[in-house]
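Chains as they are written, first to last, in the numbering used here: chain E, 1 to 359; chain X, 1 to 725.
It is worth saying that the hints were derived from the structure and are not from the lab.
All figures in this text were calculated on a predicted structure; none of them were measured in a lab.
The C-beta atom is built at its ideal place from N, Cα and C for all residues, glycine as well.
Some hints here could point you the wrong way.
Now the in silico label distances, taken between C-beta atoms and shown as ranges [stated by the list, open to error]:
id : chain 1 : residue 1 : chain 2 : residue 2 : range
1  : X       : S172      : E       : S142      : 53 to 61 Å
2  : X       : Y243      : E       : L77       : 27 to 35 Å
3  : E       : A126      : X       : Q604      : 55 to 63 Å
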Amino acid sequence: MTESAKKIGGVEFRSVSRRYGKVTAVDQISFKVEPGTLVTLLGPSGCGKTTTLRMIAGLEAPSEGTILIGGRDVTLLPATDRDVTMVFQSYALFPHMNVLDNVAFGLEVSGVPKAQREAQAMQGLAMVGLAGFENRLPSELSGGQQQRVAVARALVLEPEVLLFDEPLSNLDAKLRRKMRDDIRELQSKLGLTSVYVTHDQEEALAVSDRIIVMNRAVIAQEGSPSDLYRRPVSRFVADFMGISNLLDGIVIARADGRVKVRCGEATLDLPAPTATAADDVTVAIRPQGIRLEAEAAPDRLPVTVRKATYLGSHLEYVLDSDAGELFVVDPTSERAVPPGSGAWAAFRHDGVALVPRGE
Amino acid sequence: MFRSHILWLIIGWIGWAIVPWYGFASTRRPATGDWPPSGLLAGLGDAPWLLPLALFLALPVPFVLARSRHTGLALIVGGLGGLVWMMLEGSAITHKGWAWASLAGLFGRLPEGQPGMGFGAMITALAFLFFFTMGLAARGAMKGDRFTTGAIGFLVASIALFVFWPVSTVFSQAMLPDGDISGATALYNRLTARDIWSLGCITGDTRCGVVWNSVVLGTLCGVITTVLGLAFALVAARTDFPYQRALRLLSVLPIITPPFVIGLAVILLFGRNGTVTLFLAENFGLTATRWIYGLPGILLTQTLAFTPIAFLVLIGVVQGIAPSMEEAAQTLRAGRWQTFRRVTWPLMRPGLANAFLVGFIESLADFGNPLVMGGGYEVLSTKIFYAVVGAQNDPGRAAALGIVLLALCVGAFLVQHRWVGSGSYTTVGGKGFAGTPAELPVWLKRAVYGTAIPWAAFTFLLYGLILYGGFVENWGRNNTFTLRHYVTAFGLDWNQYGLLWTGRAWNSLFTTLEVSAIAAPLTAALGLITAYLLVRQRFAGRATFEFMTMLSFAIPGTVIGVAYILAFNQPPVELTGTAAILVVCFVFRNMPVSIRAGVASMSQLDKNLDECALTLGANSAQTIRRVIVPLLRPAIVAALVYSFVRAITSVSAVIFLVSARHDMATSYIVGRVEIGDFGLAIAYSSVLVVLMGLAIIFIQWAVGERRIARPTPQAPAARAQEVAA
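Generate coordinates for the entire structure from the input sequences, incorporating the hints supplied.
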């Protein structure tokens, strides 16, 4: 499968929209998925990410715009004729066929001879670690095994693009971690172009080459996992990526590629952000970007410790300040600051981002 | 000590000591003006065997008053003892005296027997039953829940009395000695009679046995209704057919149509004087014959009547196939036809088998259509009828035929039960957008349209004819407009005494409405309580209990009719000729549908809801009333509508149970049809259809809707339709 000479194609959306009556599910979005990479569509439910995925598969037709796969315009091509396969959220394993028949189904309807398709299906099953399960029915498998069958079934057709629709949402937390690593490993080993839909930011960070964050039918931000986490461009993205401290700030000076931001009683001197022209900003601070200090300084915020939780590997604090509540993850778990005591919150500069106020 | 213990003790004593013991008021001969004697008075007079009941009534009293630890045991012994004693004395002493000669030898002859049990006996028996169940609850059964034990006890006892006991009398009747022939031989002779099993029509010399007629008819009916039902279901669920509402209406119409009405319309079209027949005779010189009477006619009418049932079964099946299955097939490069053949069709197969069996059972149990359309083609249900009411009047033969029909229906029901229980594919539940169903292959879509649309048009035509036929003088011969039939049936007159209901149909119409209006809420209540027990309570024998309640659905109406007249025309439970027997018959025949409706919607309610109510201090009855019932409104509507409508339209069991005093609309209409008075029959049927339509609207309005969903701008279903469009 890996040695096949087949060209691995990318996916491109050019101002694609999808409307249901008055409701717009996807509004004028454009993006590119480079060949061989895994791109995640991330967003809250109802943001349009699943509709986008289904349009790549051909299960949903765009109301306007152009979709290209491997450089070819496939906008009007039905699912059957696209070289795209999909792992469904519910797995959609055919309950009346055994595992082998399920995996071989795509080859069978493509007219591959029996012996060959069974050999290929066995190979696919071996790849997901399910050799020996050929004759089971889907109902006789655990959730994780069903999910592997669904992956194998999508893989054996050697598609140009492989789609995942929240593939891990029906698994328990532990299994989810393992499956996520397995999927990523398989994808990079085979060099498959993949599009992955999820609403779990941690999952998205773990599996993706690039992440497209969607909100209300449009793309909120696109970038590498670390881009999104370190440099969110809006309050929504910062919040959705798990940057939980969002304080109001005012830009008081800009000079030499740096800005001075007033946030409560502290004045921060930061590298100039890309997106903020306005002076009213939201200061987004990662929980790991705050340290507690005993001495005052101009760039530190006076706080009161409301709660301290010891979690073995780290400490978690909830702090009260004039600027608002702060949540802190402190990896040095030796010396806890007791609740009720006052302290100074110091900010690591790479843990702080400025985004426009509002939204 | 609980209040309910005291309450039922008092009720028990009242039932025995004060309320007239024998007979129901309606069957009572005009007496001297005195109340008929209570159990106590009769016991002191001619019926000393009623006195020991006082012992059983008295036994729990001291325990309850003293709040003894042994109250439970005392209640169990008192209740069980009382019930057993009532059963013994009831069956040992008939209206003629001792039931068995040996008892007369033992106790001496009785001057006279005893009549059937009445209100007093009924109340006392109920009290004994609840002593027993309260005793069990006090001993810790069902976590001490008196309501649950009581409900189970009541349901089991009433199903035993009104389903199993009558059916068992059918068996004993079939074993009645015939002249010199012993019971076993008579049973064997009756069950193996040539006119039941003969295969003469294949060898060519004689007719085939009635079983084969029924089986051939049932099989054909099952296959055709399944095919048509599937076509309709595919049109409704998988195409963008613009007249979906008309299709839905089509599926409701036959439910509110008395079973033989369609037969009437078919006769008006294809009978010897039918419109089509006359047209063909005049224009093409085809001889007008009676070809429609017999297998073709029955099959046609049954197909018209039962296709909607197949549709309702199959629409669930088609809609139940997760669209993601078909989407998965498409992304795996299967075309429309491959998707249908390899995925959609196999997933529908168990549902198709189910629809076939339903059609088969309905056809076997159907009585109205074979009666009207049968001609010389005899089927089991009509043969049973003629064995009872015809010149033959041979209950033994009717009973034997009943056993054969029962065996066929219950057999098919068991097969179906297995199939649905194990073979159906439940889709693995996933969250999120369910996807859109695949489109049908083009030629299949054409075939489906080509089948469903003409059939729908034909059905609507027939209904048009029914309405029209009530307004013409004499269909086929004299097509002038008249209101004569309506006046004959529903005429009103004024004279000096006031309003006169001169129409001939008023009597049966009022009885029908009264009986249906009494039966419907009872059926719904019993059915929903049963559903509650099945879904929410775990008890030993639950599966058997469920099976028992569903089994009564598989018993054909004619068999129930015969069974009821055999079982309830003599003491201890004498009900024939009363309205009560009609009510009881409807309640127990239609209960399974209420149970299904209740089970289906109750399974969707989170068990935590009622557990929460229980932990907040509500008891089972309060939980049902305050939490479950409000959430079950749709099921309640379904149960009420169904039981009301079925009580009005059913004819098979009813025809055995009506009396001059309590005639029902359907049996009256059948009588009109039999003497060829089609105009009146059709006028009356049209009125029934309209009345039932109004009743359905009224019930929906009265029960109201369940409001839990927040209003959404656009429902997913509407979205899916748009996507398809």
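To see whether the hints hold, each was checked on the structure:
1. The hinted window of 53 to 61 Å between X:S172 and E:S142 holds, with their beta carbons roughly 55 Å apart.
2. The hinted window of 27 to 35 Å between X:Y243 and E:L77 holds, with their beta carbons roughly 32 Å apart.
3. As the Cβ distance of E:A126 to X:Q604 is approximately 42 Å, the hint placing it in 55 to 63 Å is violated.
Of the numbered hints given earlier, the model fails hint 3 alone.
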